[in-house]
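If you want the building blocks of each chain, they are given just below.
2 protein chains.
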Amino acid sequence: MCQLLGMNCNVPTDICFSFEGFAKRGGKTDDHRDGWGIAFFEGKGCRIFLDAKPSIFSPVADFVRHYPIHSTHVIAHIRKATQGEVILENCHPFRRELWGRYWVFAHNGDLKDFHPKDFNFYQPVGNTDSEKAFCLILERLRECFPQNKPPKEKLYSILGEITQTLAEKGTFNYLLSDGEHFFAHCSTKLSYIVRQAPFAAAHLIDQDMTVDFSELTTPSDRVAVIATTPLTDNEVWTPILPGELLVFQDGLPHKFP
Amino acid sequence: MCQLLGMNCNVPTDICFSFEGFAKRGGKTDDHRDGWGIAFFEGKGCRIFLDAKPSIFSPVADFVRHYPIHSTHVIAHIRKATQGEVILENCHPFRRELWGRYWVFAHNGDLKDFHPKDFNFYQPVGNTDSEKAFCLILERLRECFPQNKPPKEKLYSILGEITQTLAEKGTFNYLLSDGEHFFAHCSTKLSYIVRQAPFAAAHLIDQDMTVDFSELTTPSDRVAVIATTPLTDNEVWTPILPGELLVFQDGLPHKFP
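These protein sequences, in sequence, are chains A and B.
Numbering of the first sequence is given in UniProt numbering, commencing with residue 1 and proceeding in unit increments.
Numbering of the second sequence is given in UniProt numbering, commencing with residue 1 and proceeding in unit increments.
Isolated chain A, as found in the complex (with noise of 0.2 Å):
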């Protein structure tokens, strides 16, 4: 199994705070060890930074943890590997261009029997079940949709209805974003905090470190972090449901019928 973390704003804000506690995750306060990565938005832009090595070791991280990337949508993976070696291709996100964005995806679980063949527009690198899964996903909204993104309503409509097929063969958390959208599904745990003001200071569960938001930020910021278990020990996480599937913007969840 592998570790989530996703932000989204109304303002491109740094996730050196959430990041610092959950990149121990990988390998000092939890065992996930086997890579990770974290991919950036900034506008249609993205940037992704990745390792085979532990979060806890690997210089990458460190430069992460230490340079503040602004952005309003942001998908953080650490790694303990199910399927699929610990080699680069491995290492979550993933990334595919559809109707000319930048797509982001990273998973956490373990899809069972899982072996599709019929990949047409998106083929897998490596060899994970996940990325296996990440093609397709977009494989099908391509499909859908041919030449353009649709709708935001229609687009969460098919895509719960490929989220549903795939969650069938097992655990599918997941967070997926193309800089305007970001998807956040839980099939057996993933919770969210949206901080918003009146700001307050919040203390890591993983490592001895406090900071009080109401000194970085303006009243109308609104940031939503999502994570597989909360990262603060003194604000309240909302669980999502096990097969709830929410749409984030501007810092808030949404769900659509």
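Misleading hints may appear alongside valid ones.
Note that identical chains are pooled: a pair holds if it fits in a single copy or bridges any two copies.
[As the list claims (entries may be wrong)] EDC-like mimics (lysine to aspartate or glutamate), calculated; alpha carbons at most 16 Å apart, straight line:
| hint | residue 1 | residue 2 |
| --- | --- | --- |
| 1 | K44 | E180 |
| 2 | K53 | E42 |
| 3 | K44 | E85 |
| 4 | K112 | E168 |
| 5 | K169 | D110 |
| 6 | K53 | D31 |
| 7 | K80 | D31 |
| 8 | K154 | E143 |
| 9 | K28 | D206 |
| 10 | K149 | E180 |
| 11 | K80 | D110 |
| 12 | K189 | E244 |
To be clear, the hints were calculated from the coordinates, so they are not data collected in a lab.
On the provided structure of chain A, position chain B as indicated by the hints.
Relative to chain A, chain B alone:
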């Protein structure tokens, strides 16, 4: 215009020495200040570091300069914008997946009156002529070989045809690789050097720095470095002829009829 730097070798090698000189051209010894990027293949995996900041001021470039990533296929680029704003999605190298491998592309030049619209499989995310050309190259390769990568002679031949068509639009020096093959096309200016035993010392042009490769290599190592203009002043660089497409493998250039 921009500048290109590439490396292809028979054993994974770090590019720190060459990148040290090259990065200086992004605002110090030359004026390519509009962002930069570098892609490293590690097996089938690929990491790209990008920044819209000038490479001489970029903390990401600083990290790359000091962190030796060992790779057999590296493509780097410093940008002087001719088309498209100075934003992350316009920084080279660009990456897409084709035949289950990542393909990475960087361009030096300028394609005039170039407004292709008929993108099918691959759509540009940013608005440079370079990314459009890259999408068209992959599009055409995919049309010719829908399922699998063809033998290298066939690939070379079709790529040569596409390249020729695109080069009619303007200056089209480029580097293109999938981590297995490494293509270098010269339209106006591109040189290379092959370093192999007996290794000697090399001295950078853009900075007073010397490395004695005989201390860092084994006798069977072979490294080709490809750059817009030579990076060292005490070695003999070979200019690639205008119109010539080379494919490097294990540090040696090849051409096919």
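Each hint, compared with the structure:
1. K44 with E180: within (8 Å within a copy, 29 Å between copies)
2. K53 with E42: Result: close only across copies, 13 Å inter versus 25 Å intra.
3. K44 with E85: Result: close only across copies, 12 Å inter versus 31 Å intra.
4. K112 with E168: Classified as within: same-chain Cα gap 9 Å, cross-chain 51 Å, threshold 16 Å.
5. K169 with D110: within (8 Å within a copy, 49 Å between copies)
6. K53 with D31: For K53 and D31, only the intra-copy Cα distance (12 Å) is at most 16 Å; the inter-copy one is 36 Å.
7. K80 with D31: Close inside one copy (7 Å), not across copies (44 Å); limit 16 Å.
8. K154 with E143: within (13 Å within a copy, 30 Å between copies)
9. K28 with D206: within (9 Å within a copy, 42 Å between copies)
10. K149 with E180: within (11 Å within a copy, 33 Å between copies)
11. K80 with D110: within (11 Å within a copy, 45 Å between copies)
12. K189 with E244: within (11 Å within a copy, 55 Å between copies)
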